[in-house]
Amino acid sequence: MNTVPRKGTKAKEPFVPELARLIDVIEETPGVRSFRVVFEDVAVMSAFSFAPGQIGLMGIPGVGESTFAISSPPSRRDYIQFSVMKTGFVTSAIHELEAGDAVAVRAPLGCGFPVDSWKGKNILIAGGGIGMAPLRSLLLHLLDRRDEFGGIRVFYGARTPADLCFAGDRAEWERRQDIDFIATVDRRQPGWSGRTGVVPDVLESERPPAQDTVAVACGPPVMIRYTLAALKRLGFSEDRVYTTLERKMKCGIGLCGRCNVGSKYVCTDGPVFSLADLGNEI
Amino acid sequence: MRFLREENIPLLLHRLSESATVWAPQVVRDTVNTVLFSPWLEGAEVETGLYSMLSAKELVLPATERLFSYRYSQAGGREKIEINADAPQEQAAIFAARACDAKGLAVMDALFLDRSGASYNDGQYRARRSGLTVITLACTTCDSACFCSSFEKGAAETAGSDIILYPATGGYLAEAVSKRGEELAALDLFRDSSLEKPELARTAKVELAGLGQRLFDIYDDLDFWRRTAEGCLSCGYCSYACPACHCFNIFDEAESDRTGGRFRCWDACMFYAYTQESSGNNPRPEPAHRYRNRLAHKFSYYPLNRGEILCTGCGRCIRGCPAGLDLRDAIRAVRAR
Amino acid sequence: MEDLISAIKKVLEQVDVVLGWARSEAAGVAAPAFFHTPAEAEGAIFDSTCVHNLAVHLPRLADKKAGIVAKGCDARSIAQLIAEGIIKRERVTVIGVACPGVIDVKKAWRCFGFGKRVSDSGGQVAMEGKTVKREEILLRKCRGCREAGPVIRDVTVGEVGKAPAAPADPAGIRKRFAAMSFAERRQFWQDQFSRCIRCYACREACPLCFCRDVCTMQAHEPGWSGGATNSSQSWMAQLVRISHMAGRCTGCEECERACPVGIPLMLLLEEQNAVVEELFGYRAGSGTEAKTPFLTFDVNNDSWEQER
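So the sequence lines, in the order shown, correspond to chains A, B and C.
For the first sequence, this note's numbering assigns the number 1 to the initial residue and increments by one for each residue that follows.
For the second sequence, this note's numbering assigns the number 1 to the initial residue and increments by one for each residue that follows.
For the third sequence, this note's numbering assigns the number 1 to the initial residue and increments by one for each residue that follows.
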């Protein structure tokens with residue numbers, strides 16, 4: 001290697017992560033944990049700001065890094081939360097971590113939801129499984145600014161009750177009078193008194209009006225596909241439907257090439273897209 | 001214009017090698033005609049009659065490079081990570097790059113050194129690029145895989161070069177096209193000349209006009225893409241040989257329990273693993289999806305996003321394809337569709 | 001060529017696609033071609049530039065019925081693929097061709113320049129007035145050819161029956177390699193693999209390599225071999241691949257031909273093939289019913305010798 005280490009540099013290279021530490025690990029479901037991280041550098045922490053929907057790469061030097069949606073709202077100034085599903089090599093290693101462990105983070109990256117342009121509109125949120133992570137950030141942000149928006153309806157589905165994330169938040173969302181929150185699971189289960197059926201079906205049976213409404217959908221690829229189709233049938237126009245996409249990412253800055261959907265890069269142009277942005281390429 | 005006598009070439013290489021690693025096309029020992037750009041050592045023969053199998057891009061984007069090293073330590077009873085970014089400091093010169101190689105560097109410069117973007121400006125790339133002198137050998141002949149004449153300037157392209165050598169009787173006419181090139185041309189190895197530039201090679205052409213839109217139009221025609229890509233073996237040669245392909249992978253490698261580094265290495269969009277997600281989902285599962293993306297990235301997405309075609313017509317992907325595929329056939333097929 | 005074209009057309013009546021060769025305008029030599037229609041088959045050729053082993057495509061056409069034009073060496077790969085159960089005998093129709101030996105196209109280009117249309121008749125390879133004796137630029141595998149004809153074939157084009165006569169290999173690198181000490185060999189391979197760029201053309205061009213997308217050389221899990229192009233790792237990764245080829249490699253030389261940086265992979269494979277033949281009396285691709293030593297294990301009888 002014809003390179004020499006540059007000691008103690010503060011000049012930020014795009015691939016050099018910020019050092020951070022876990023202050024809390026929350027078990028959301030058997031396969032999903034939320035990790036609350038704080039940057040070691042106080043100045044970095046206090047300057048950190050982002051928009052809901054933006055992403056970050058969290059990793060363990062020696063293992064690797066992976067891309068996650070930020071699931072905490074921008075109003076949280078004391079930590080950033082990533083909700084991580086254990087699926088592969090890096091996420092399995094992250095799941096081994098405990099509060100107090102060191103991690104390395106590159107965030108925020110990509111584009112978030114254009115919330116400011118939604119002022120005065122009704123908002124419909126449809127989340128599936130771990131896809132609720134960026135939507136949690138969005139929803140908490142909307143609730144922080146509750147009086148700027150019209151009605152807020154949330155559909156959140158998972159395979160089984162045990163697969164629904166954010167139990168504490170859900171109790172709060174169900175209690176609140178100023179939003180309409182519906183949790184659903186794929187099939188009837190003992191001990192589950194809520195709705196059953198997959199999100200697209202529940203959505204269509206509820207027939208939420210499309211007028212003056214922005215819809216946001218995030219979840220596994222199959223759920224997204226059917227939810228977007230359902231929204232189309234309900235009369236939502238393509239520029240009023242947003243989704244956040246997930247692709248394998250490495251660089252996070254539009255260089256390494258793999259995360260493109262057509263001419264758009266999920267890491268820089270996304271992960272938030274309106275259906276109008278995506279055209280036929282989803 | 002300046003003139004460099006043939007016998008002064010070794011002297012020039014020697015002079016350059018005093019302050020930089022000089023890379024030149026050379027036939028690899030024990031091979032029939034495998035030409036690669038490799039570090040030139042005193043007395044080594046430079047091969048200018050055959051094209052190198054790989055472009056000059058490894059000088060700015062090495063096949064593998066460390067981005068940073070890390071070290072774990074205990075501090076105050078807690079684990080602490082220390083990260084040190086690598087800063088390449090190598091000075092290098094490339095001799096007898098071709099106009100298509102140099103243009104590839106210019107295309108990548110626009111991406112890796114872009115200061116308009118939020119977080120681009122890749123430090124590793126910048127360091128290597130600023131330490132690189134590009135001495136281009138203009139082509140007066142070509143072979144049937146070459147197709148640089150499909151682009152505006154063809155073999156007369158100067159982007160990415162510092163100095164261009166034009167073959168002439170008894171030596172080379174030298175034209176500096178950058179400040180660094182001017183410094184080089186001012187060396188006493190060169191003398192003034194009033195000779196005319198020779199006529200440059202005119203290669204085969206493939207029509208590129210409207211190709212970007214056409215690629216969008218037939219995006220969904222998967223049967224077409226399956227036919228177009230059916231001979232493709234999904235190896236990474238074309239991407240690795242290409243002067244404009246720049247996709248990479250990032251991964252960590254531990255040296256010990258506590259130390260190691262994060263590396264960047266070439267990656268290729270024709271690999272299945274390139275887009276495979278750990279959930280098992282792969283948005284480009286078939287060679288057809290990958291071939292479509294490869295072509296569209298070069299001739300549609302990148303021109304749309306950045307105004308440049310990610311191809312310089314060097315022909316390497318044609319000359320070296322183990323499956324005998326010709327990119328130009330695919331382009332023609334797209335246009336005819 | 002007429003015989004070949006009509007054979008392909010005939011086979012096309014029974015199958016979805018026939019793998020063969022057509023002339024590449026750019027390269028002036030043969031390139032693999034997929035014939036779907038009789039009209040396409042008009043472009044079929046067979047000459048000494050038909051170097052590619054088209055059997056590599058058969059496992060990728062799993063759901064289709066395919067015809068394939070095969071030289072003796074290619075047929076060995078097809079037989080081995082069938083013996084291992086990777087492809088089904090009834091899904092492939094083999095058009096065996098009489099092969100005069102194929103040329104090292106890189107050597108031809110060295111003589112003539114890339115893309116010059118090469119013609120080959122009467123043992124002379126020619127282009128634009130220049131000629132070379134074919135035997136001087138034969139691929140190495142053809143020099144030791146033992147194929148009296150394609151071992152598996154449903155249709156035959158041309159006169160098969162004896163292996164092409166070719167002079168012995170002029171040795172060169174192999175002779176030098178044989179004389180090296182182990183330390184020198186180690187250095188030799190370190191040097192060779194320092195050029196490896198991990199394009200995996202060797203793997204993708206190999207008809208018998210079947211892990212492909214989940215190959216240990218590349219899969220990020222378990223991450224046994226990173227993507228770093230460092231000589232030791234690339235060498236190790238290749239040795240893993242090659243050891244998986246024990247008793248399976250038919251010596252078609254495609255990995256070495258595909259290698260863009262000229263690593264002499266066949267040095268390793270030939271050595272291994274010779275060991276397998278000596279120990280087990282087995283040459284990969286001998287027949288569709290052949291039992292491959294390393295794919296044959298009987299818990300009650302772990303001796304290959306007794307199995308035979």
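Take these hints with a grain of salt, some might be off.
[As the list claims (entries may be wrong)] Here are the simulated distance ranges between beta carbons: (1) A:24 / B:153: 54 to 62 Å; (2) C:162 / B:197: 28 to 36 Å; (3) A:238 / B:221: 34 to 42 Å.
[Said to hold, decoys possible] Listed below are several chain C residues computed to face chain B (Cβ distance under 8 Å; list not exhaustive): (4) 31; (5) 37; (6) 56; (7) 59; (8) 260.
[Unchecked claim] Keeping only pairs whose Cα atoms sit at most 30 Å apart, straight-line, the calculated DSBU-like set for lysine-lysine is: (9) C:88 / C:10; (10) C:88 / C:64; (11) C:130 / B:205; (12) B:205 / C:107; (13) C:65 / C:9; (14) C:107 / C:162; (15) A:86 / B:205; (16) C:65 / C:291; (17) C:107 / C:88.
If you're looking for bench data, these hints aren't it; they were derived computationally from the structure.
Think of the CB as a built atom: it goes at the ideal place given N, C-alpha and C, for glycine as much as any other residue.
Hints and how they fare:
Judged by the Cβ atoms, the range 54 to 62 Å given for residue 24 of chain A and residue 153 of chain B holds: they are separated by roughly 59 Å. Between residue 162 of chain C and residue 197 of chain B the beta carbons are some 58 Å apart, a value that contradicts the proposed interval 28 to 36 Å. In this structure, residue 238 of chain A and residue 221 of chain B break the distance hint of 34 to 42 Å, their C-beta atoms being roughly 22 Å apart. Taking 8 Å as the C-beta contact cut-off toward chain B, the hint placing residue 31 of chain C at the interface holds, the least distance being around 3 Å.
Against a cut-off of 8 Å between C-beta atoms, the interface hint on residue 37 of chain C is violated, since the closest Cβ of chain B lies about 12 Å away. A hinted interface residue such as residue 56 of chain C counts as satisfied when its beta carbon comes closer than 8 Å to some beta carbon of chain B; here the least separation is about 7 Å, so the hint holds. The beta carbon of residue 59 of chain C is not positioned within 8 Å of any beta carbon in chain B (closest approach about 12 Å), and the interface hint is therefore violated. Because the beta carbon of residue 260 of chain C sits about 5 Å from the nearest beta carbon in chain B, less than 8 Å, this interface hint is met.
About 21 Å separates the Cα atoms of residue 88 of chain C and residue 10 of chain C, which keeps this hinted pair within 30 Å; it holds. Using a Cα cut-off of 30 Å, the hinted pair residue 88 of chain C and residue 64 of chain C holds, with the two alpha carbons roughly 11 Å apart. As the CA atoms of residue 130 of chain C and residue 205 of chain B are separated by approximately 27 Å, the hinted pair is consistent with the 30 Å bound. At roughly 27 Å between alpha-carbon atoms, residue 205 of chain B and residue 107 of chain C fall within 30 Å of each other, so this suggested pair holds.
The straight-line distance between the Cα atoms of residue 65 of chain C and residue 9 of chain C is roughly 14 Å, inside the 30 Å bound, and the hint therefore holds. Note on residue 107 of chain C and residue 162 of chain C: the hinted pairing holds, with a Cα-Cα distance of about 26 Å set against a maximum of 30 Å. Between the alpha carbons of residue 86 of chain A and residue 205 of chain B the distance comes to roughly 51 Å, so the proposed pair goes past 30 Å and is violated. Among the hinted pairs, residue 65 of chain C with residue 291 of chain C is consistent with the structure: their alpha-carbon atoms are about 25 Å apart, no more than 30 Å.
Pair hint residue 107 of chain C plus residue 88 of chain C does not hold up; C-alpha atoms about 36 Å apart against a cutoff of 30 Å.
When each numbered hint is compared with the structure, violations occur for hints 2, 3, 5, 7, 15, 17.
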